[in-house]
Amino acid sequence: MFKGQTILFPSHPVITSSAAVVGPVEGKGPLAEDFDKIYDDLLLHQDSWEKAERKLMLEAAKIAIKKSGMKSEDIQFYIGGDLMDQIVSSSFSARQLGIPFLGVFGACSTAMESLALAAMMVDSSKATAVLAGTCSHNASAEKQFRYPTEYGSQKPPSAQYTVTGAGASIVQAKGRGPLITSATIGKVIDLGVKDPFQMGAAMAPSAVDTIEAHCRDLNIAPGEYDLIVTGDLAKIGHSLALDLFAEKNFPIDQTTYKDCGLMIYDIEKQEVQSGGSGCGCSASVTYGHILKQLQAGEYEKILVVATGSLLSPLTYQQGESIPCVAHAVALQRGRK
Amino acid sequence: MADKQMDEQHYKKIRKKRDPGRPVLRNCVRAFLAGGTICLIGQAIQEAFIHWFDFDKQAAGNPTVAVLIIISVFFTSIGVYDKFGQWAGAGSAVPVTGFANALSSSALEYRSQGLVLGVGGHMFKLAGSVIVFGTVAAFFIAIIHWVLGLLGIGGGS
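So the sequences go chain by chain: A and B.
Per the numbering used here, the first sequence starts with residue 26, numbered consecutively.
Per the numbering used here, the second sequence starts with residue 757, numbered consecutively.
This is chain A alone, in the form it adopts within the complex (with noise of 0.2 angstroms):
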């Protein structure tokens, strides 16, 4: 069931379980006490950036699904997706854990990507329990789409630090946890936006636009929701994020905007520039804190909203501009 770009879950799947795993400097962040597991070591003992990327991944999926009493046999499929290049970390984990894997990539927006599509199997009575997770490491992305890591290049204010971390969740028919109750797909919006360090202000108008269309699919107002989250779109991108909604009058202030990358870190004291990014960011502020505060009762009913801009390193060195992505879950208390 579906309207205008939103999917119904009238059978409300289930949050069974959770867990985020991360590197050092979230460790030191004011989310430490919500995360599963805090390695020291940025390298997580690896012998490489991808490997240790990958062993939080697999760390986070191993956790989440101890904690939901199963077994990797019981859980039907694995969505999962990352920023390497082909998704290796994803894929590789799949290969440890033997789960059926679908590979998804959506970039930072995949947290809520495989959660959606996860929900829609389970709703839709396709399997009974599915894995889905994310992750990102922030020296494999360095070397990935900036510098070598150790290399001294002066970033801008408006860069972002990409999280190391990884969210896993498994969603169920039934069970106790958050209730899943509708997901919206983002459209791939693009407003000319081409440095690479200015990813908040890429991907602003589409969180913006697919928070509209929500809204406007489910005929509902954002007060509807105790708190909305947008994934990672740090200083700039938040605010540019409320200066959008003011010109099109959109009533954001019904209800608690804040952002991911504005949470996981504390940005005066800590040096990440504008704020975390990555899909690690999402996956584990929202699997690690955010579902916490749920079922604690501070919220009732929140919107994530997982953000992605969908470039490569050839892409901005061919002067391309960024395209952005945004995909909504809608999340309501469960039982405990």
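Among the clues, some could well be false.
[As the list claims (entries may be wrong)] DSS-like cross-link-like pairs, simulated, lysine-lysine; straight-line CA separation at most 25 angstroms: (1) A:Lys180 to B:Lys768; (2) B:Lys768 to A:Lys76; (3) B:Lys813 to A:Lys219; (4) A:Lys283 to B:Lys773; (5) B:Lys772 to A:Lys219; (6) B:Lys760 to A:Lys180; (7) A:Lys180 to B:Lys769; (8) B:Lys773 to A:Lys219; (9) B:Lys773 to A:Lys180; (10) A:Lys273 to B:Lys839.
I should point out that these hints are in silico values taken from the structure, not numbers from a laboratory.
Start from chain A and add chain B according to the hints.
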């Protein structure tokens, strides 16, 4: 299409207001201080070679650069140079230490992909441009120098 261009233009205006931009003045001051300090250290090393190791002024240049390169590679390896670079900007990028950092950081980063395809293939990923355009610039300067010499302008050699 016209609509899209209008949207882009309009968004550009909004973006400008929110973009803090690079703190140019602060960056210039820091670059001056950091770059100057590196050069001062270089000068001190050069003097040391002249006074204690009997180099003449010209010959002392090579070992001085070598020492600066070793220092830069050392600080790159222990993960300090990139943090210094964030503070110093051009101050740490322009002197020879920046060039050494570009080479050694690339070598370190691609070590996991093997010695030949990794280190060898990627070491000049960043520094390659400097060498290419440095050589091209030197070529044109040499031509200008030669032409001026023919015309009898400048000292020539």
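Evaluation of the provided hints:
no.: 1; hint: A:Lys180 to B:Lys768; in the structure: holds, 21 angstroms
no.: 2; hint: B:Lys768 to A:Lys76; in the structure: violated, 39 angstroms
no.: 3; hint: B:Lys813 to A:Lys219; in the structure: violated, 48 angstroms
no.: 4; hint: A:Lys283 to B:Lys773; in the structure: holds, 21 angstroms
no.: 5; hint: B:Lys772 to A:Lys219; in the structure: holds, 14 angstroms
no.: 6; hint: B:Lys760 to A:Lys180; in the structure: violated, 30 angstroms
no.: 7; hint: A:Lys180 to B:Lys769; in the structure: holds, 23 angstroms
no.: 8; hint: B:Lys773 to A:Lys219; in the structure: holds, 17 angstroms
no.: 9; hint: B:Lys773 to A:Lys180; in the structure: holds, 19 angstroms
no.: 10; hint: A:Lys273 to B:Lys839; in the structure: violated, 41 angstroms
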